Amino acid sequence: MRGATQVRWAACAVAVALAATACGGGDGGDGGSGGADGIVSSSWGDPQNPLEPANTNEVQGGKVLDMVFRGLIRYDPKTGEAKNMIAESIDSKDSQNFTIKLKDGWTFSDGEKVTAKSFVDAWNYGAALKNNQKNAYFFQYIEGYDKVHPESGSASAETLSGLKVVDDLTFTAKLTQKFSLWPDTLGYSAFVPLPKAFYDDHDAWLSKPVGNGPYTIESYAKGSSMNLRKWDDYPGDDKAKNGGVDLKVFTDNNTAYTDLTAGNLDLVDDVPASQLRNVETDLGDRYINTPAGIIQTLAFPFYDKEWDTDDARKVRQGLSMAINRPQITDQIFQKTRTPASDWTSPVLGDDGGFKKGLCGKECTYDKAAAKKLIDEGGGIPGGQLKISYNADTGSHKEWVDAVCNSINNVMGNNKACVGGPVGTFADFRAQVSTQKLTGAWRAGWQMDYPLIQNFLQPLYYTNAPSNDGKWSNQEFDDLVDKANAESDKAKAVTTFQDAEKILVTEMPVIPLWYQNGSAGYSDRVDNVELNPFSVPVYEEITVK
Amino acid sequence: MGRYVIRRLLQMIPVFFGTTLLIFLMVNVMGDPIAGLCGDRQCDPATAAQLRSEFGLDKPVWQQYLTYMGNVFTGDFGTAFNGQKVTELMATAFPITIRLTVVAVVFEVVIGISLGVVTGLRRGRPIDTTVLILTLVVIAVPTFVTGLLLQLLLGVKWGIIKPSVSADPTFDELLVPGLVLASVSLAYVTRLTRTSIAENARADYVRTAVAKGLPRRRVVVRHLLRNSLIPVVTFIGTDVGALMGGAIVTERIFNIHGVGYQLYQGILRQNSQTVVGFVTILVLVFLAANLIVDLLYAVLDPRIRYA
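Read top to bottom, the protein sequences are chains U and X. Here this note's numbering is used: the first residue of the first sequence is 1, the next is one more, and so on. Here this note's numbering is used: the first residue of the second sequence is 1, the next is one more, and so on.
To be clear, the hints were calculated from the coordinates, so they are not data collected in a lab. There could be a bad hint or two in this list.
For lysine-lysine, the following DSS-like pairs were computed, each having C-alpha atoms within a straight-line distance of at most 25 Å [claimed, not checked]:
| id | chain 1 | residue 1 | chain 2 | residue 2 |
| --- | --- | --- | --- | --- |
| 1 | U | 314 | U | 335 |
| 2 | X | 85 | U | 544 |
| 3 | U | 130 | U | 208 |
| 4 | U | 130 | X | 59 |
| 5 | U | 222 | X | 157 |
Note that the coordinates shown come from a computational prediction; the quantities given were computed from them, not determined experimentally.
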């Protein structure tokens with residue numbers, strides 16, 4: 001029995017060594033004190049792009065910018081309403097020339113004062129073609145954008161001619177068109193000010209960004225973790241209510257969830273789909289599932305003649321009615337999605353342009369009517385609907401199959417609809433953006449700012465940057481232009497909704513469901529909420 | 001011996017170029033990586049074109065390969081899409097994976113070989129049958145099941161370990177992940193050693209050693225084990241490379257930011273610089289491990305000589 005004893009001995013040794021490390025592991029978030037100095041540990045994903053405000057277009061990098069920066073405007077974490085932050089006032093008489101006055105007393109955490117120049121320089125940097133900023137198009141409404149960022153060729157100007165510094169705390173912006181809601185877009189992180197350090201030593205800044213928000217970055221190990229600490233001299237009124245946040249990169253959100261249930265992590269802001277069935281028993285009321293500004297849709301190729309006909313319009317409407325949205329959101333998504341009945345998102349609120357049921361019967365499951373419409377339209381172009389999706393992330397296969405099942409049921413044909421997996425997201429995007437797809441594809445939109453304009457114009461306006469299906473409708477374009485020129489916000493919103501009503505009859509994309517943000521937290525922390533962008537409101541979190 | 005080593009080293013050169021070229025072509029076949037950088041929206045054409053020329057993606061593949069290889073020889077493995085140098089990524093990822101591999105190999109050697117010797121000497125006894133069944137179970141159960149199960153039991157239910165390791169894990173943190181990573185190979189090592197020992201136990205030289213009156217320990221360790229190790233060493237040697245590159249599953253489960261993680265991210269983001277760089281290094285590791293194995297043969301069995 002010598003072998004057996006050896007094994008037992010080895011197992012004991014392993015257990016002892018492990019126990020020792022577990023006891024000795026008082027690092028980071030766990031060993032910290034509670035109360036106002038308590039450190040919150042939270043899951044994170046590796047940002048895809050370098051951490052520059054105008055170069056960050058995904059949630060993980062945006063999360064950090066939201067903690068480290070404050071801009072002219074901030075969206076209320078609860079209502080999504082745009083409120084002045086650093087801006088004292090943003091005025092315009094004609095919805096085209098804006099005068100922006102800053103509040104006095106704002107500084108960056110390295111002591112530099114936040115001035116009008118901090119904004120103008122940052123925006124010029126973001127817009128300039130040579131800096132490769134992926135969010136450069138956010139500055140497209142400012143006059144001179146076509147000079148610093150031409151569609152092809154090289155730039156003929158260094159700075160945006162529409163931006164002028166008046167004095168230390170005032171600057172003006174001239175737009176190329178009337179856009180009354182433009183000030184409300186300025187809360188997006190691409191518009192934050194940047195300190196001199198950003199330009200002086202760019203690499204050093206990237207390895208440890210310096211901003212003007214409630215947190216400062218204490219240390220940043222690229223690809224694995226970032227420790228943020230409360231900035232005591234932060235001049236804003238949304239000071240951090242905890243001592244700091246430790247972000248830890250997880251390769252798999254299942255592991256993050258396991259860490260949360262084991263008590264090693266305080267906050268997971270993306271509960272994995274596979275855990276949704278257990279989440280209520282694991283976390284109880286420490287599970288958050290609230291709407292976020294994300295809508296998922298099915299898009300169609302209008303560059304393909306077959307889809308751009310009056311008959312195909314009926315087919316699209318029929319397809320929309322053939323999808324049993326409530327069943328799919330319940331059974332596949334465990335109620336973390338809400339069936340969509342318009343093309344915006346509930347986070348906009350009724351005043352902001354969300355209108356439940358705007359799509360009406362065209363977005364309601366009706367087997368008989370669906371079949372009738374599709375048959376009237378001459379059947380699905382090409383005889384079969386192929387829904388393309390990327391198979392690498394996001395588990396799209398499940399719901400695409402479910403949508404196809406639903407359509408096949410209605411059509412009484414097992415092959416009426418099939419899924420078309422594409423290996424990687426990049427390849428999928430490449431096929432979408434180069435008009436390679438001839439069937440439908442999964443599309444989605446995560447809002448940049450809580451405005452109805454953001455849900456319509458970039459997606460359905462003729463030749464808009466995210467109008468991948470190349471849909472074009474003069475009436476729609478005119479209404480959007482009219483809405484943008486409207487100086488009264490309420491009127492602008494209703495005009496946008498008029499434009500949205502055109503989508504019901506034309507059905508350029510089929511709205512599927514609104515996505516919720518989901519999060520879970522440990523019993524060490526309180527006051528955890530997700531903002532309309534489904535990012536936790538870190539500065540509000542309190543540690544017990 | 002010296003000439004043999006030099007010949008083997010020279011053979012590595014075409015292998016090295018061949019594999020890197022293959023990987024380069026394979027990553028390129030996947031299409032345009034820039035399209036995925038802007039999320040669910042289209043990159044604006046000017047920025048996309050600029051990025052493409054910055055990463056050299058606008059040139060023909062053969063030219064990209066030549067430039068890339070030229071840079072590699074000056075120690076420049078290019079830049080990942082998030083702005084980090086690939087060498088920087090390697091500097092963080094490889095030490096962690098090497099640590100994990102060392103832990104795994106130690107488990108394989110210590111547990112695998114001792115179990116193999118014990119069972120090999122006690123063929124047909126209960127201990128032998130038990131271990132055989134156990135190894136069969138370990139081989140049959142996929143790594144991610146073992147990993148997730150151990151993580152759930154030790155990490156969540158009993159709280160003995162942390163379910164995920166820290167950013168720069170120490171050896172003791174890597175014990176459980178290392179055991180999981182080693183588990184299947186460990187079972188193979190046990191079985192290989194057992195068979196080899198069982199076969200050689202009847203050999204003439206063992207009988208001679210016993211007849212000379214040598215102590216049993218000396219017979220087993222110096223005579224029997226040493227001669228039985230050749231297949232085992234071959235297996236462990238090739239396994240080193242497999243462990244380093246194949247740790248993706250284990251690294252994901254325990255959130256270890258090693259080579260597997262970087263490769264996974266590189267492939268997801270179609271970042272050819274990262275993928276080719278890491279695979280190049282892995283190829284070198286494989287080649288070196290194989291060379292060492294071949295050299296070890298002569299040490300273990302002096303009858304094998306190299307001209």
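Structure-based check of all given hints:
1. 314(U) with 335(U): violated, 30 Å
2. 85(X) with 544(U): Violated, at about 41 Å.
3. 130(U) with 208(U): holds, 23 Å
4. 130(U) with 59(X): holds, 19 Å
5. 222(U) with 157(X): The given pair, whose Cα atoms are some 32 Å apart, is violated under the 25 Å limit.
The structure fails to meet hints 1, 2, 5 from the earlier list, while all remaining hints are met.
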